[in-house]
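Please model the entire structure based on the sequences and the hints provided.
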Amino acid sequence: MTTWFISRHQGAIDWVKQQPIQIDRFESHLNVEDIQADDTVIGTLPIHLAAQVCAKGAKFYFLSVNLRAEQRGIELTADEMAALQCTIEPFYIQKL
1 MTTWFISRHQ GAIDWVKQQP IQIDRFESHL NVEDIQADDT VIGTLPIHLA
51 AQVCAKGAKF YFLSVNLRAE QRGIELTADE MAALQCTIEP FYIQKL
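Residue numbers (my numbering): 1 to 96.
Don't read these hints as lab results, they were simulated from the structure. Keep in mind that the hints are not guaranteed to be accurate.
Using 30 angstroms as the maximum straight-line C-alpha spacing, the simulated DSSO-like pairs for lysine-lysine come out as follows [to be verified]:
1) 56 / 95
2) 17 / 56
3) 17 / 59
4) 59 / 95
Small disclaimer: the values here were computed from a predicted structure and weren't measured.
The following block contains the structure:
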């Protein structure tokens with residue numbers, strides 16, 4: 001059972017390192033073939049990849065950040081993410 005954190009954003013990586021979560025692998029890109037049943041994947045994955053994670057029997061947690069319009073497309077620091085009350089929320093995604 002591996003806990004993955006998927007992000008290419010340093011602020012998100014720094015933020016999650018401050019949380020009471022044990023991350024086993026940090027990756028900037030997810031290869032779904034590497035995911036096993038009972039793994040946990042945390043990140044902001046495209047929905048089709050999140051569905052593939054769930055279909056493999058792994059858990060998916062979305063890194064949720066409520067950004068203002070002017071914050072979109074810029075790199076946030078861990079402190080900025082904390083100020084925005086960033087959360088990690090569980091989802092089960094299934095293709096219909």
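Hint check, failures only
none
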